[in-house]
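Student: First to last, the sequence lines map onto chains A and B.
Here our numbering is used: the first residue of the first sequence is 66, the next is one more, and so on.
Here our numbering is used: the first residue of the second sequence is 363, the next is one more, and so on.
Calculated directly from the structure, the hints in this document are not laboratory data.
Even glycine gets a Cβ: it sits at the ideal position worked out from N, Cα and C.
Please note that the accuracy of each hint is not assured.
Sample of chain B residues with no beta-carbon within 12 Å of chain A, all distances over it, derived [as the list claims (entries may be wrong)]:
| hint | residue |
| --- | --- |
| 1 | P369 |
| 2 | E373 |
| 3 | N375 |
| 4 | H381 |
| 5 | N385 |
| 6 | S387 |
| 7 | S390 |
| 8 | G391 |
| 9 | S423 |
| 10 | R430 |
| 11 | T441 |
| 12 | L442 |
| 13 | A445 |
| 14 | T470 |
Simulated coverage check for chain A against chain B, where a stretch passes if three residues somewhere in it have a Cβ under 8 Å from a Cβ of chain B [as the list claims (entries may be wrong)]:
| hint | stretch |
| --- | --- |
| 15 | 105-113 |
| 16 | 172-179 |
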Amino acid sequence: GAVVSQHPSRVICKSGTSVKIECRSLDFQATTMFWYRQFPKQSLMLMATSNEGSKATYEQGVEKDKFLINHASLTLSTLTVTSAHPEDSSFYICSAHSGASYNEQFFGPGTRLTVL
Amino acid sequence: DAKTTQPNSMESNEEEPVHLPCNHSTISGTDYIHWYRQLPSQGPEYVIHGLTSNVNNRMASLAIAEDRKSSTLILHRATLRDAAVYYCILRARTNNNDMRFGAGTRLTVKP
Numbered sequence: 066g067a068v069v070s071q072h073p074s075r076v077i078c079k080s081g082t083s084v085k086i087e088c089r090s091l092d093f094q095a096t097t098m099f100w101y102r103q104f105p106k107q108s109l110m111l112m113a114t115s116n117e118g119s120k121a122t123y124e125q126g127v128e129k130d131k132f133l134i135n136h137a138s139l140t141l142s143t144l145t146v147t148s149a150h151p152e153d154s155s156f157y158i159c160s161a162h163s164g165a166s167y168n169e170q171f172f173g174p175g176t177r178l179t180v181l
Numbered sequence: 363d364a365k366t367t368q369p370n371s372m373e374s375n376e377e378e379p380v381h382l383p384c385n386h387s388t389i390s391g392t393d394y395i396h397w398y399r400q401l402p403s404q405g406p407e408y409v410i411h412g413l414t415s416n417v418n419n420r421m422a423s424l425a426i427a428e429d430r431k432s433s434t435l436i437l438h439r440a441t442l443r444d445a446a447v448y449y450c451i452l453r454a455r456t457n458n459n460d461m462r463f464g465a466g467t468r469l470t471v472k473p
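Using the sequences and the hints given, assemble the complete structure.
Tutor: Written out as structure tokens, the structure reads:
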């Protein structure tokens, strides 16, 4: 299947700093990418949907000014956690959809964020 | 999106078949049934999907009830590497392709 990568795989930062996470589709063009957050022992929670060239659509309760999403190309979406706090520590996962087939959605390996 | 109900956890012995149930009594006619699994500290991995007919692939089989209100993911011979959280997800073909996860079933495979 298609490959989605994330970088970095894990990051530790100080409270108040901003962290950028990249999500890349390596062998296909992703018209839509999704960002999820997963706390320990919990399921994935959809944070936002980003379409290439347009503003992201955020789920209810997700602060768009805190979680900045940019989908500037068909192979790259970025999530920036601004002014991170310990409660933002989580596993962030992206997924990508090519648009070519309804049923194909591919997930990245995740990024573990720890805010001290 | 219609909701799904899965048992919180299940156990299996290695090399035995595993049947993971999923109830989706409010499924609509345009909803596809998807199964993904998530190994520890990894992103979800596609397992199988179907609409009305039973489906088979190299990883698993999907048995869909005639009324589509339930389905069962079948792992024919569980291995230790199959230990994961299995998610049953309904996706309407008319939506924007987002995928919303329920709690899933944590499968433990005993040697």
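Student: Taking the hints in turn, state whether each one holds.
Tutor: We went through each hint and held it up to the structure:
1. P369: 14 Å, holds
2. E373: 18 Å, holds
3. N375: Consistent with the label, N375 of chain B stays out of reach of chain A, its closest Cβ about 24 Å off (over 12 Å).
4. H381: Holds, because the least Cβ-Cβ distance between H381 of chain B and chain A comes to about 21 Å, which exceeds 12 Å.
5. N385: 17 Å, holds
6. S387: Since the minimum Cβ distance to chain A is about 20 Å, S387 of chain B lies beyond 12 Å and the statement holds.
7. S390: 15 Å, holds
8. G391: 15 Å, holds
9. S423: Holds: least Cβ distance 17 Å, greater than 12 Å.
10. R430: 17 Å, holds
11. T441: 20 Å, holds
12. L442: 20 Å, holds
13. A445: The claim holds: A445 of chain B sits with its nearest Cβ about 15 Å from chain A, beyond 12 Å.
14. T470: 14 Å, holds
15. 105-113: Three-residue rule met by the stretch 105-113 of chain A, so holds; n is 4.
16. 172-179: holds (count 5)
In the structure shown, no violation is registered for any of the earlier numbered hints.
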